[in-house]
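> With the hints as a guide, bring the two chains together.
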Amino acid sequence: MNWRSAWESDVVRHFVGLVWGVLALAGLALSIVTWVFKKDVRSIWATYRSWLVMAPLVLGGIFAGRVVVIVGLALVAGIGFKEFARATGLYRDWWMTGAVYLGIAAVGLTSLVSPPNGGPPGWYGLFMTLPVYVIALLLLVPIARNRTQGQLQALALAIVGFVYIGWMFGHLGFLANAPHAYGYLLYLIFAVELNDVAAFTCGKLFGRHKFRSEISPNKTWEGALGALAVSLTLPWLLRFSFPHFGPLQLVLAGLIVGVGGQLGDLSISVIKRDVRIKNIGAVIPGHGGILDRVDSLIYTAPLFLHLVDYYYRIW
Amino acid sequence: MEPWRYETAEDLDQPLVERLRRFPREPDMLVYGLRSMAALTVRGWLRLWHRLEITGRQHLPAADSFVIVANHASHLDALCLLAALPLSKLHRAFPAAAADYFFESVPRVWIAAVVVNALPFARQSHVRQSLALCHALLANPGNVLILFPEGTRSTTGELGRFKPGIGALLAGCDVPVVPCHLAGAFHAWPKGRALPRPTKLRLRIGAPRHFAAAVPGKESACAIAAELEQAVRELQKNHDRD
Chain A
1 MNWRSAWESD VVRHFVGLVW GVLALAGLAL SIVTWVFKKD VRSIWATYRS
51 WLVMAPLVLG GIFAGRVVVI VGLALVAGIG FKEFARATGL YRDWWMTGAV
101 YLGIAAVGLT SLVSPPNGGP PGWYGLFMTL PVYVIALLLL VPIARNRTQG
151 QLQALALAIV GFVYIGWMFG HLGFLANAPH AYGYLLYLIF AVELNDVAAF
201 TCGKLFGRHK FRSEISPNKT WEGALGALAV SLTLPWLLRF SFPHFGPLQL
251 VLAGLIVGVG GQLGDLSISV IKRDVRIKNI GAVIPGHGGI LDRVDSLIYT
301 APLFLHLVDY YYRIW
Chain B
316 MEPWRYETAE DLDQPLVERL RRFPREPDML VYGLRSMAAL TVRGWLRLWH
366 RLEITGRQHL PAADSFVIVA NHASHLDALC LLAALPLSKL HRAFPAAAAD
416 YFFESVPRVW IAAVVVNALP FARQSHVRQS LALCHALLAN PGNVLILFPE
466 GTRSTTGELG RFKPGIGALL AGCDVPVVPC HLAGAFHAWP KGRALPRPTK
516 LRLRIGAPRH FAAAVPGKES ACAIAAELEQ AVRELQKNHD RD
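Heads up: the sequence lines are chains A and B, in that order.
At position 235 of the first sequence (counting the first as 1) the number is 235 in the working numbering, and the numbers step up by one without a gap.
Quick note: to get the working numbering, add 315 to the position in the second sequence (first position is 1).
Some hints here could point you the wrong way.
To be verified - Short, incomplete list of chain A residues facing chain B, as computed with Cβ under 8 Å:
# : residue
1 : W95
2 : T97
3 : R147
4 : I277
Said to hold, decoys possible - Label-pair distances were calculated between CB atoms; the ranges are:
#  : chain 1 : residue 1 : chain 2 : residue 2 : range
5  : A       : P116      : B       : L355      : 31 to 41 Å
6  : A       : K38       : B       : H441      : 20 to 30 Å
7  : A       : H14       : B       : A509      : 43 to 53 Å
8  : B       : P330      : A       : L30       : 35 to 45 Å
9  : A       : Y310      : B       : N455      : 52 to 62 Å
10 : B       : A454      : A       : W94       : 20 to 30 Å
11 : B       : C537      : A       : Y48       : 51 to 61 Å
12 : B       : H441      : A       : P217      : 37 to 47 Å
Unchecked claim - A few chain A positions that, by computed beta-carbon distances, are all more than 10 Å from chain B:
#  : residue
13 : S9
14 : K39
15 : Y91
16 : L155
17 : D196
18 : N218
19 : K278
20 : V283
Note that these hints are calculated values from the structure, not bench results.
Think of the CB as a built atom: it goes at the ideal place given N, C-alpha and C, for glycine as much as any other residue.
Only chain B is shown next, with the shape it has when bound in the complex (with noise of 0.2 Å):
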């Protein structure tokens, strides 16, 4: 007779709280049962709250992985871009978290790994790491990776530079990029602010993008960066039009 094979889980020796700071997570039932809770808690306060309006989803893929591009301007935008998926892609979708800001103290750990569910990405130090991890997860099907280039929240509400590390980690790569822009965040909830405003939120989805005929390179990430800020402010006037 064969022995039995165990998968026992790899963070078995590991304190919730590291386990919850480790990526990839092993899933956890009750990590998914909040997180489903909170989704919903939070689509809920997004429309009451801020009347949350999104526009173009039909330009989301349905089934294979995908990466979504945005500006960044407050914390709102990482939850209405969720809030933009179908619940049943909630486990799979993963923000890029600043992993100095989010993965530090353990309440912030708390909200990033079980709401959020958060991919700590390491800017300062191991960012080849951090793509390397993002690589992974579009390496297998059905995964979302939610991107914000700019690298970290505008100080100003203006769409800042967008960091030739997304263009590093798209060039080559077969998955569709979809731009969005969220218009009222900003106002809704700054940098240094505790709480939210009852402001009105936009989201517009543009069409997906692809790059992978594009020979990876430092001239082809900053090509691929340059024009994906652009797809982002083609949104943003589009915003403004309206």
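Next up, chain A with everything else stripped away, as it sits in the complex (with noise of 0.2 Å):
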């Protein structure tokens, strides 16, 4: 991945058309409908604002190649764990803390690095196992502090932390090291967040029965099955990213997506539920903060990534 082969790379192309073709079509329906039907929809113009700003910053990295990819998601991960870490109260813990921003570089830099016996990046070994030493690192905090008092929570909230936002999402950045990095990045990219967009709209014109009520009153059953069916299409439709995936491969991706994202963007909000908070960040206008953003990434990224290594074992 460089800007060379992004450049001459048909799925980069058709991609930056999409995107640039839906950003059209949504801005063309906001319109029609604050100017001709007068609906207030200030608030989604917001939302919509902050995707003219993201989307090229997306693709300008994807552009820039591998390396930026990985650091840039990376530094999402550090900014998302600052987020959880500011709304659990966890922040004011600078030993635990710090240890899982040192986790989250590991993550960074075993996608970076080659294994040590040669091969071409991305120590997959170091990468799948990090868990297993970040937490050995985290149980090491209260034992070099000598302390007890919190340090089960600190702890817990530390892993959940460490393992959902740092790692778990870091699995994305190791997708840049696949031979289908572009299509897989951008169908991920694409699809989760056209998902969750399909469940808003869905939901909003359909929605009569609650879907999950406790944690996300808003969200209804019309809008998560109108998303799940958006995203099962969606694979078909956008088959040139990955010309090698058969029938079976195309609904696991769909169905990745359709159901992850959507219990990915549950999960986030049991979090925000329990600790009492609406967004948990203000960074993006009109969405909130990083995670409520990413949030179903997380969810599927690793799926999606053992999808393609499971069929295809590319590590």
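Put into structure tokens, the structure is as follows:
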């Protein structure tokens, strides 16, 4: 992955066109709703404006190549973990949060380097066993400080923070080492975000029956099923991203996004509801925190990576 | 099983600049790291470019909270006073800075909050609230409050009148007050000049004073302000004699 190969890649070209097409269509639809039907959709405009900034950032990062993608995603994981730490109060424990940041740096590093016995970049063996070492490091923190009070809570929060936000999300960066990296990354990001938008839109249009009322009161069965239908169709339409996929893999790719995406969203909602906050940050206007935006990717990225690894033995 | 108690950051739903604007600020690892690096850079620069010389360090109290009052002739003042403190006090030392000047524009907020660790002092409208902030700060152990009782940078380099607000804050307050005088700063970087000249700077730290016995009131406020002004003037005289 580098800017030259990105420039020459048909997959990238298709996705750039697709993203702009979708953004233009969404802008048109929003304009019609605002000025023809005279509905107040200002909050959706704010969300849309942020998309106009984020989409070029993501595409630009992918153009810039493998290193930028991995480092950029490690930074996103770092910011996401910081939001989690600030929400749960873990951020007061600098030793524990510092150890998690080290772990996130290790996620990025193992994605970047080649294994010591040679081979293509991406130290798969260490990347996949990383939680063992990072959890060992986290367990050391209270021992090194000779402390007990509140340490179980701090440990538990740190482990969830690292494994979920650092490592599971880090699988997205590791995908940049795959042979069809452009197709995988762009499909995954595009499909997951479209799945989110589809769930929101279907919920707004047809939503009647509450889905998980305690966790996320705005989610409905209609929204979830509508999004699942969209996500199951998408891999067939975007087949150029992974021409080697058979029907089974296409269905699985759709299922991972359609089901996993919404479970990821709900998982972060569980955390937010338990901590009793609405948004986990305020970095992205109209979206909330970074974690509010990437929550669905966290759940789907590892499942998708293992789907392609299982069928095509990449690592 | 008791449910866990999460202590969510109070500024969770605010964007970064707003978080830097509020006071007290939530501790932030990144901000502390940047501030430590900035402090090392500033200390090196003061030593090399301005040949900063500090006398009377032994007067700085070691453990308790204390207040530093000093003359104010340039932006270098707060930086020099911070450089006189041990690095371990860096994140607990708060120079009071004019809210209307330092906490409006975004680049200044960054410098004031991250580099200087400033306390936003509303000198025009909410003086009482600002003094309450200072009081709360001093009530906790280990904090250092840096005040410029003239209220603004001197336009002539001469020491101006100390405002009675300093007396109102300190009367009956059981913390040591350390008077300081910085010489050379006006010539180095007067109001309106873009960048500092490489003038030598000399900081003199005086013996601490206590005003715990003073009864709060208008008279004592004026008396304390006058006494501190006199103390800083004495330090200035010593400077001139050297």
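> Each hint should be assessed against the structure and marked as holding or not.
Structure-based check of all given hints:
{"no.": "1", "hint": "W95", "verdict": "violated (11 Å)"}
{"no.": "2", "hint": "T97", "verdict": "holds (7 Å)"}
{"no.": "3", "hint": "R147", "verdict": "violated (17 Å)"}
{"no.": "4", "hint": "I277", "verdict": "holds (6 Å)"}
{"no.": "5", "hint": "P116(A) <-> L355(B): 31 to 41 Å", "verdict": "holds (36 Å)"}
{"no.": "6", "hint": "K38(A) <-> H441(B): 20 to 30 Å", "verdict": "violated (43 Å)"}
{"no.": "7", "hint": "H14(A) <-> A509(B): 43 to 53 Å", "verdict": "holds (52 Å)"}
{"no.": "8", "hint": "P330(B) <-> L30(A): 35 to 45 Å", "verdict": "violated (24 Å)"}
{"no.": "9", "hint": "Y310(A) <-> N455(B): 52 to 62 Å", "verdict": "holds (57 Å)"}
{"no.": "10", "hint": "A454(B) <-> W94(A): 20 to 30 Å", "verdict": "holds (24 Å)"}
{"no.": "11", "hint": "C537(B) <-> Y48(A): 51 to 61 Å", "verdict": "holds (60 Å)"}
{"no.": "12", "hint": "H441(B) <-> P217(A): 37 to 47 Å", "verdict": "holds (39 Å)"}
{"no.": "13", "hint": "S9", "verdict": "holds (36 Å)"}
{"no.": "14", "hint": "K39", "verdict": "holds (26 Å)"}
{"no.": "15", "hint": "Y91", "verdict": "violated (6 Å)"}
{"no.": "16", "hint": "L155", "verdict": "holds (12 Å)"}
{"no.": "17", "hint": "D196", "verdict": "holds (21 Å)"}
{"no.": "18", "hint": "N218", "verdict": "holds (18 Å)"}
{"no.": "19", "hint": "K278", "verdict": "violated (7 Å)"}
{"no.": "20", "hint": "V283", "verdict": "violated (7 Å)"}
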